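Visitor: Read off the chains here:
Protein chains: 2
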Amino acid sequence: MTDIALIEAAARRLSGHVRRTPLLNAPLLDRLAGRRIFVKAECLQVTGSFKARGGWSAVSALSPDARARGVIAYSSGNHAQGVAYAAAAHGAPCVILMPSNAPAVKIANTRAYGAEVVLYDRATEDRDALGARLAEGRELTLIKPYDDPQVIAGQGTVGLEIAEQVAEAGVTAADVLVCCGGGGLSSGVALSLEVHAPRLRVRTAEPQDFDDMARSLISGTRERNASTTGSICDAILTPSPGELTFPILSRLAGPGAVVTDDRALQAMALAFMHLRIVLEPGGAVALAAALFADDLPDTVIAVASGGNVDPETFALALDCFA
Amino acid sequence: MTDIALIEAAARRLSGHVRRTPLLNAPLLDRLAGRRIFVKAECLQVTGSFKARGGWSAVSALSPDARARGVIAYSSGNHAQGVAYAAAAHGAPCVILMPSNAPAVKIANTRAYGAEVVLYDRATEDRDALGARLAEGRELTLIKPYDDPQVIAGQGTVGLEIAEQVAEAGVTAADVLVCCGGGGLSSGVALSLEVHAPRLRVRTAEPQDFDDMARSLISGTRERNASTTGSICDAILTPSPGELTFPILSRLAGPGAVVTDDRALQAMALAFMHLRIVLEPGGAVALAAALFADDLPDTVIAVASGGNVDPETFALALDCFA
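If you're matching them up, the sequences are chains A and B in order. Taking this note's numbering, I'd label the letters of the first sequence as residues 831 to 1152. Taking this note's numbering, I'd label the letters of the second sequence as residues 831 to 1152.
In case anyone wonders, no lab produced these hints; they're calculated from the structure. Here the structure is a predicted model, which means the values were calculated and not measured. Treat the hints loosely; a few may be bogus.
Among chain A residues calculated to face chain B with C-beta under 7 angstroms, some are [as the list claims (entries may be wrong)]:
no., residue
1, Val1108
2, Gly1137
3, Pro1141
So the derived label-pair ranges between C-beta atoms look like this [stated by the list, open to error]:
no., chain 1, residue 1, chain 2, residue 2, range
4, A, His847, B, Gln1038, 35 to 43 angstroms
5, B, Phe1122, A, Glu998, 37 to 45 angstroms
6, B, Gly864, A, Val948, 27 to 35 angstroms
7, A, Asp1125, B, Glu1073, 51 to 59 angstroms
8, A, Cys1150, B, Arg861, 30 to 38 angstroms
We put the CB at the ideal spot given by N, CA and C, even for glycine.
Use the sequences and the hints to build the structure in full.
Guide: Here is the structure:
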């Protein structure tokens, strides 16, 4: 199980290999939103998303034998790049199972990190079953995107940094909005804040119609999405909350926020204009909630979880100014 | 005169008000370039460029009386925002003289910081004379964009941070490419590195046909550009090297690099893709040189000096992928 000790141990392994990302803010953005917004810019992370943390945490926790056999991961792209980066740095062979409709940039970058990429059809194939079969045939260790204690621990290091950075900024209480797919990042951050900044409350942010976590937090049981395609927020379209992540969030998280694809694009546009960072749609939903939700306190931290976006999709965000 | 003591004093005044920007890198960018590239991301600075440093340094160095009367600056936009931001925080009235063809976003943002904006025609009016006239009439202190010892001192704090950050990264020798208009940033950084990282050499980067500094460094005298319009790199189209900045660079800088507008756009595109930061053309020429010049050492630091760019211009950079 992931606890604060596992997160702090992961932070020590990550040090020097994964970036301590800045906590950004902009006076003009605050004015627009009518509240103070801090953005934890994980898009500036080594592989363009927080997933480098979980990948490094998991690969660095393997035994030398397991590392030598190699790892496998299934991912819409960001977890893929995180694991591929960590595996290459540890000299571990790496197979990545990616949906064939993932952004081209994510597929290309995953290959560039040295991983072997296997494509599958997200609508018709079961990635878990396919991944398990590949892992078994080659004795690879499967690194799941969120339901893995070491992955959650790695993502939780974002929370350790937020706790330090808000203290430097003089913030004592706030909602911390986190882009949420399976809940690895949200649950890890929640565990860190519980200990190091207990007056900061995690809230998940999800795309409309893919709000399994928000609904699950209300019902108290793991709800499923009707589909895992149909939003531009490709990075966070997961079938349901994780088995390990949901109990953590059920205990620690506030109500989930839900945003439309249009709001995600607007958040990308405002991040471009006022923070000069590049966000992908799924990495912008927390900022979208911070900007546009109406049930928020005066100070909000939004975790901008990733920035691996095709130029065509980014152009859609720029069209918000037209 | 600016010296290391003035820069270190500025650093103390800036602390807590101006951001210590990250030094970014990306394995895939290094592979493309065939060398190791670190990017000092001043586009993530509070006002979207390093100019917040010089603005804060100059305004905070004024006497209480001078502050109360107010300040004036002339600028294509980034210096404007830097001074406006600093003036507002110090409660000083602020008039900004901007070319009427400056990017709309820069004009809008300067107004949003609370400054009074006066527009002039860059092709037909002499901004120095106009600025001096306005300053005199209202007893405002003119804060020049580069030929001011406190402004150079503020920009020089970028060099203090680079010296610390490259040491953390284990870099001992490198060329430091700096986007160059009048030379305020380049000369400040050169003074800091001379003391704190003497094996790092500053080199200016300029747009083709606006390479007054590169030519001046060769001839040993301050050369002029034929025009101050005609490149997309609006932020760094100045008539000639500064009176204060040129002697510093003449003593400390290596040969100047010159890049085309197309290369600047390509650098913006690659920064979007691999670093997930937003650069403006004039803020990307150092990175363009780092990526495409052929007379560079194995390790290069590029100062990405600003990210205040209109969506239309950014779309031109994204077209590089088409």
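Visitor: Which numbered conditions among the earlier hints are violated in the structure presented, ordered from lowest to highest?
Guide: none
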